[in-house]
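S.K.: Sequence:
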Amino acid sequence: MTRETIIEDLKDVSVGKRLKAWRKSAYMTLADVSRMIAVSQSSLSEMENEKSLPSAKTLQGLCSTTDLNICWLLTGQGPMRKSSAESHEAADFPEELSNISQDPKLKDLARILVRIYRQGGPEKRAHIAGFLQGADMDRKVGEP
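Here the working numbering is used: the first residue of the sequence shown is 1, the next is one more, and so on.
What the hints contain is simulated information worked out from the structure, not anything from laboratory work.
Even for Gly, the Cβ is constructed at its ideal location relative to N, Cα and C.
One or more hints might be untrue.
[Stated by the list, open to error] Quick list of the computed label-pair ranges, beta carbon to beta carbon:
no., residue 1, residue 2, range
1, THR29, ASP108, 20 to 28 Å
2, LYS107, ALA26, 17 to 25 Å
3, ALA135, TYR27, 14 to 22 Å
4, SER83, MET137, 22 to 30 Å
5, PRO104, ARG125, 34 to 42 Å
[Said to hold, decoys possible] Derived DSS-like pairs (lysine-lysine); straight-line CA-CA distance at most 25 Å:
no., residue 1, residue 2
6, LYS107, LYS82
7, LYS57, LYS20
8, LYS57, LYS17
9, LYS124, LYS105
10, LYS105, LYS57
11, LYS51, LYS17
12, LYS124, LYS107
13, LYS24, LYS51
14, LYS57, LYS82
15, LYS20, LYS82
16, LYS82, LYS17
17, LYS24, LYS105
18, LYS24, LYS57
Could you build all of it, start to finish, from the sequences and the hints given here?
M.R.: Dropping the structure here:
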């Protein structure tokens, strides 16, 4: 059975089954996805086992950090993954996250960045964005 056949067969199944199929096709564990989108493993498991539907927070996390096509997830329509132009950086993001966990200094810096971004308010977020834009002159933060 080809990958395309499997994807075609998933059009008529539940959101949970499609979520699980995408996760497995991306070679990710529940723990991997949980870390990426800041949703508990148990919540993801409940979704995959059709005990609950994804929340707006979960959908936003999946959309912004992965190559999963949310339209496909919810309806079974369209491709499983976003177009390569849309998802190039999102697809690389899980690999980048694993690199962070392997470098203790980078891991500490990432924790500080996330903490400041979450707790610092709009002014601190603007400072972070400004710094990153200055450090990465080729591209602006938030642009593909």
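S.K.: LYS24 and LYS51 were given as a pair; does the straight-line alpha-carbon distance stay at or below 25 Å?
M.R.: holds (19 Å)
S.K.: Hinted pair, alpha-carbon criterion (25 Å max): LYS20, LYS82. Please report holds or violated.
M.R.: holds (17 Å)
S.K.: Within 25 Å, alpha carbon to alpha carbon, are LYS24 and LYS105?
M.R.: This hinted pair is violated, its Cα atoms lying about 30 Å apart.
S.K.: LYS124 and LYS107: Cα distance at most 25 Å?
M.R.: holds (20 Å)
S.K.: Is the gap between the beta carbons of THR29 and ASP108 within 20 to 28 Å?
M.R.: 24 Å Cβ-Cβ, so the 20 to 28 Å window holds.
S.K.: For the pair supplied as a hint, LYS57 and LYS17, confirm whether the alpha-carbon distance does not exceed 25 Å.
M.R.: Holds, at roughly 19 Å.
S.K.: So if I understand the rule, the pair passes when the alpha-carbon distance is 25 Å or less; does LYS57 with LYS20 pass?
M.R.: Satisfied, since the Cα-Cα distance of roughly 18 Å is no more than 25 Å.
S.K.: Taking the CB of SER83 and the CB of MET137, does the distance hold inside 22 to 30 Å?
M.R.: holds (27 Å)
S.K.: Between the alpha carbons of LYS124 and LYS105, is the straight-line distance 25 Å or under?
M.R.: OK: LYS124 and LYS105 at ~22 Å, within 25 Å.
S.K.: Hint says 34 to 42 Å; check whether the CB-CB distance for PRO104 and ARG125 agrees.
M.R.: violated (26 Å)
S.K.: For the pair supplied as a hint, LYS24 and LYS57, is the alpha-carbon distance within the 25 Å limit?
M.R.: holds (21 Å)
S.K.: With the threshold set at 25 Å, check whether the alpha-carbon distance from LYS51 to LYS17 stays at or below it.
M.R.: holds (11 Å)
Hint check: violations occur at hints 3, 5, 6, 10, 17; the rest are consistent with the structure.
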